[in-house]
Every structure is written in C-alpha cells, then in structure tokens.
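Enquirer: For reference, the chains in residue letters:
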Amino acid sequence: GAVVSQHPSWVICKSGTSVKIECRSLDFQATTMFWYRQFPKQSLMLMATSNEGSKATYEQGVEKDKFLINHASLTLSTLTVTSAHPEDSSFYICSASYPGTSGRGYEQYFGPGTRLTVT
Amino acid sequence: KQEVTQIPAALSVPEGENLVLNCSFTDSAIYNLQWFRQDPGKGLTSLLLIQSSQREQTSGRLNASLDKSSGRSTLYIAASQPGDSATYLCAVNDYKLSFGAGTTVTVRA
Numbered sequence: 004g005a006v007v008s009q010h011p012s013w014v015i016c017k018s019g020t021s022v023k024i025e026c027r028s029l030d031f032q033a034t035t036m037f038w039y040r041q042f043p044k045q046s047l048m049l050m051a052t053s054n055e056g057s058k059a060t061y062e063q064g065v066e067k068d069k070f071l072i073n074h075a076s077l078t079l080s081t082l083t084v085t086s087a088h089p090e091d092s093s094f095y096i097c098s099a100s101y102p103g104t105s106g107r108g109y110e111q112y113f114g115p116g117t118r119l120t121v122t
Numbered sequence: 180k181q182e183v184t185q186i187p188a189a190l191s192v193p194e195g196e197n198l199v200l201n202c203s204f205t206d207s208a209i210y211n212l213q214w215f216r217q218d219p220g221k222g223l224t225s226l227l228l229i230q231s232s233q234r235e236q237t238s239g240r241l242n243a244s245l246d247k248s249s250g251r252s253t254l255y256i257a258a259s260q261p262g263d264s265a266t267y268l269c270a271v272n273d274y275k276l277s278f279g280a281g282t283t284v285t286v287r288a
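Which chain is which? The protein sequence lines are U and D, in order.
First residue of the first sequence: 4, per our numbering; consecutive thereafter.
First residue of the second sequence: 180, per our numbering; consecutive thereafter.
In isolation and in its complexed conformation, chain D is listed as follows (with noise of 0.2 Å):
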C-alpha cells in the first residue's frame, strides 16, 4: 500500500521568504506525482503535475522536482506572498491517487 509523507506539518514564514515543501512516498511504481493547493473549506486547486519520466516541472514562482527512485518530491515557492497561504498536497498516482496529509503554510506580510 502507498503512504504518502509531508513534512513539515506547518509552516509560518515572512514575506517573500522561499518555501520548501517535501513529500516522500513508499512505492515508486507510479504513473505521476501531483501538487495541490487547497484553501480551508474549498476544494483542490492543480499546481504542477509531474509525469514519472520527468525530474522537474515548473510554473512560475513554482518548482517541483522528482526522484522517483528515492521515493522524494519537493516543492519549491520562490519569493512567497501572504496570498501563497493554504494547505499544500502531495499525491502519488498509482492508478489510484494517495494523498500526504498536508503542510498547512502561512505567510506573514
């Protein structure tokens, strides 16, 4: 079975402070690897997704890199804004999507 790792659990920085949100998984059989954003009481926004031949993707201000044989994924949040603050999660694609438990991140103007 998949298990899915975030770390930290939370995460308070100041403004335009970069973030660093990591997430490991147990099994590396996977089709791709998602980030998302999800803001308290909404549903699931995409970030980047990441297929398993891929290292990195990015979209803008964000980065998210791959080692799938590590079984590590990280992403990354250049110069964040007091807007950048939600939960970000992790999901692995194994046909079945196991999510991580969330960094709840916030960003202190």
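Here chain U stands alone, though its shape is the one from the complex (with noise of 0.2 Å):
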C-alpha cells in the first residue's frame, strides 16, 4: 500500500517552455503532498508543501510564479514550471502524507522522481 507515481519519468523541453508533472497517491488519499527538488551530488530540498484545496506554501527563495503547485484533489497534485530554463534542470520528487491509522502519523510516501532537462 502507499504508492505514490510521477509521471513523466523524465522530460526534456525547450528554454522557455512550461512542463508539468504530475503526481498521484495510488491507494490512499493524501491530504497533504511534497515537492522537492534534487541537484547532482546534493541532498533534497523541499520546494513546497500543498494541501487539498488550498494554495501552496512556498519554502524560503523557490518562486512561486515559476513553481506553480495545484492540488486539485486528494490524489492528485501538480507542478508546473513556467518559462523553464536551463538552471531549472533537476530531479523533482514529490511525496503525499496522511494522518494514518497506524501509528506512522504524516510518514511520506515518494515518487519515483521526473527528470527535467531544459536544452
């Protein structure tokens, strides 16, 4: 149980383009999803954190305008890069939270990651 899926797995677009990644819980409803943002040889950092319904919180210095996050429903969240360049290029992972009933309260479950090119 607790499968989240990205899709795509990996993308390459155009400088100045917009891409979107999806991220869905499988088995469960996540009231809360993650994004995270993964450079080479570097641990993640958190982009944002969404709630079902509710506009995102941004962590400190990611562009808000640039990373738009859409939580539209409890299984699905999106992230859109806008106008993406070529410093953009990362892996993007998100993961999706709920309360549980098993005693492992607000464990995240991970996506398998997208990896984003921009030429």
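FYI, nobody ran anything at the bench for these hints, they're computed from the structure.
Wrong hints could be hidden among the right ones.
Claimed, not checked - Capping the alpha-carbon separation at 27 Å, the derived lysine-lysine pairs in DSSO-like fashion look like this:
id, chain 1, residue 1, chain 2, residue 2
1, D, Lys180, D, Lys247
2, U, Lys44, D, Lys180
3, D, Lys275, U, Lys67
4, U, Lys44, U, Lys69
5, U, Lys69, D, Lys247
6, D, Lys275, U, Lys23
7, U, Lys44, U, Lys23
8, D, Lys275, D, Lys180
9, U, Lys69, D, Lys221
10, U, Lys44, D, Lys275
11, U, Lys69, U, Lys17
12, U, Lys23, U, Lys69
13, U, Lys58, D, Lys275
14, U, Lys17, U, Lys67
15, D, Lys221, U, Lys23
Everything numeric in this text was worked out from a predicted model, so none of it was measured.
Make the complex out of the two chains shown on their own, each in a separate frame, by following the hints.
Expert: Below you can see the structure in the form of structure tokens.
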C-alpha cells in the first residue's frame, strides 16, 4: 500500500517553455503533498507543501510564480515549471502524506521522481 | 529551522564489514525520523521509520536507533554486501521533512 506515482519519469524541454509534472497517490487519499528538488550530488530540498483545496506554501527562495503547484484532489498534485531555463534542470520528487491510522503518523510516501532537462 | 547532518559523507568498506552511519539533528520536536536509500539517478527507497517515542527499529540486516534528547540517530548495516552500495539519507519529520546530505557507501567485493 501507499504507492505514489509520478509522470513523466523524464522530460526534455526547450528553454522558455513550460512543463507539467503529475504526482498521484494510487491507493490512499493524500491530505498533504510535498514537492522536492534535487540537484546532482546534493540532497533533497523541499520546495513547497500543498494541502488539497488550498494554496501551496512555498519554502524561502522558491519562486511561486515560476513553480505553480495545484492540489486539485486528494489523489493528484501537479507542479508546472513555467518559462523553464537550463538552471531549472533537476530531479523533481513528490511525496504524499496522510495522518494515518497505524501509528506511523505523517509518514511521507515518495514518488519515483521526474528528471527534467531544459535545453 | 531544523538542521540535519550526516557523517561521514562517504564510506568505503570491504564486503562483510558492518556499516555505521550517523545522523544528527538540531530540533528534537519531531514526529519521526526516516532512513532512505537512493541509488544513482533513482528515487528514494524507505528503509526504516522510527517514531519519536521509539528507540530503535530493525529490518533484516538493518537496525536504526534514535536518541531524540541528544538529536542523534544511527543506522547499522550488518555484514555489508556489494548490493548495499548506495547513498543513504536521513530525514527528520517535524511535519516537513528535512534531509541530511547523505552518506555514500561503497562496498568492495
């Protein structure tokens, strides 16, 4: 249980275009979803937190107008990188969380990641 | 702001040796702490999750301890194998996950 999928797994786009990444919780309802970015040889950095039906909360230094997050339902969140530039090339990973009933409260379940390359 | 530190940054051992990976964090008000494995170019594989009320968790050759008061966790991997070569990430959950930079492990055959 607690499977999270991401689509696409990799994408190449041209500079100036926008790209959308989907994150889905397949077998549970995610009250909260998180988006992370990982540059080569670095650890994961939280970009934003989104609750279903609410505006996302962005971490300091993350441009909310550039990284648009929509959490339209309890099973789907999307990250749109607008006007992408080569410096946005990175590995984007989402996670989903729910309070849970097994005592593992607020555990985050991770998607497999999306490799974005902007040329 | 939660700060998570992992030591050492890299580790190379011969096959069969036990591995000890360390993680420290600055704020002890946490829900849980999680250890992940990440292979090059891949996503995260959850290894162990320790709730804040627990002292340790075990799964097969893996054992993780948590000392919340001192802000420390240790991941032990017994009888290492070449397949254990990966980067191991520690993450502290105080509603948001804060990750350490990771320890890259190489197990030599």
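Enquirer: Decide, hint by hint, whether the structure agrees.
Expert: For each hint, the structure was consulted:
1. Distance restraint check for Lys180/D and Lys247/D: the Cα-Cα separation of roughly 16 Å lies within the 27 Å cut-off, and the hinted pair is therefore satisfied.
2. About 23 Å separates the Cα atoms of Lys44/U and Lys180/D, which keeps this hinted pair within 27 Å; it holds.
3. With a C-alpha separation of about 18 Å, the suggested pairing of Lys275/D with Lys67/U holds against the 27 Å cut-off.
4. With a CA separation close to 24 Å, the supplied pair Lys44/U and Lys69/U stays within the 27 Å bound.
5. Among the hinted pairs, Lys69/U with Lys247/D is inconsistent with the structure: their alpha-carbon atoms are about 38 Å apart, more than 27 Å.
6. Only pairs whose Cα atoms come within 27 Å are accepted, and Lys275/D paired with Lys23/U is accepted, the gap being roughly 23 Å.
7. Distance restraint check for Lys44/U and Lys23/U: the Cα-Cα separation of roughly 24 Å lies within the 27 Å cut-off, and the hinted pair is therefore satisfied.
8. With a C-alpha separation of about 11 Å, the suggested pairing of Lys275/D with Lys180/D holds against the 27 Å cut-off.
9. Distance check on the hinted pair: Lys69/U and Lys221/D sit about 25 Å apart at the alpha-carbon level, within 27 Å; holds.
10. A hinted pair counts as satisfied when its Cα atoms are at most 27 Å apart, and Lys44/U with Lys275/D qualifies at roughly 22 Å.
11. Between Lys69/U and Lys17/U the alpha-carbon distance is near 16 Å, which keeps this suggested pair within the 27 Å criterion.
12. In summary, the hint linking Lys23/U to Lys69/U is supported, as the alpha carbons are separated by about 12 Å, within the 27 Å threshold.
13. Restraint check for Lys58/U and Lys275/D: the C-alpha separation of about 16 Å stays at or below 27 Å, so the hint holds.
14. The suggested pairing of Lys17/U with Lys67/U holds, with an alpha-carbon distance near 21 Å, which does not exceed 27 Å.
15. A threshold of 27 Å between alpha carbons decides the hint, and for Lys221/D with Lys23/U the separation of about 20 Å falls inside it, so the pair holds.
Of the numbered hints given earlier, the model fails hint 5 alone.
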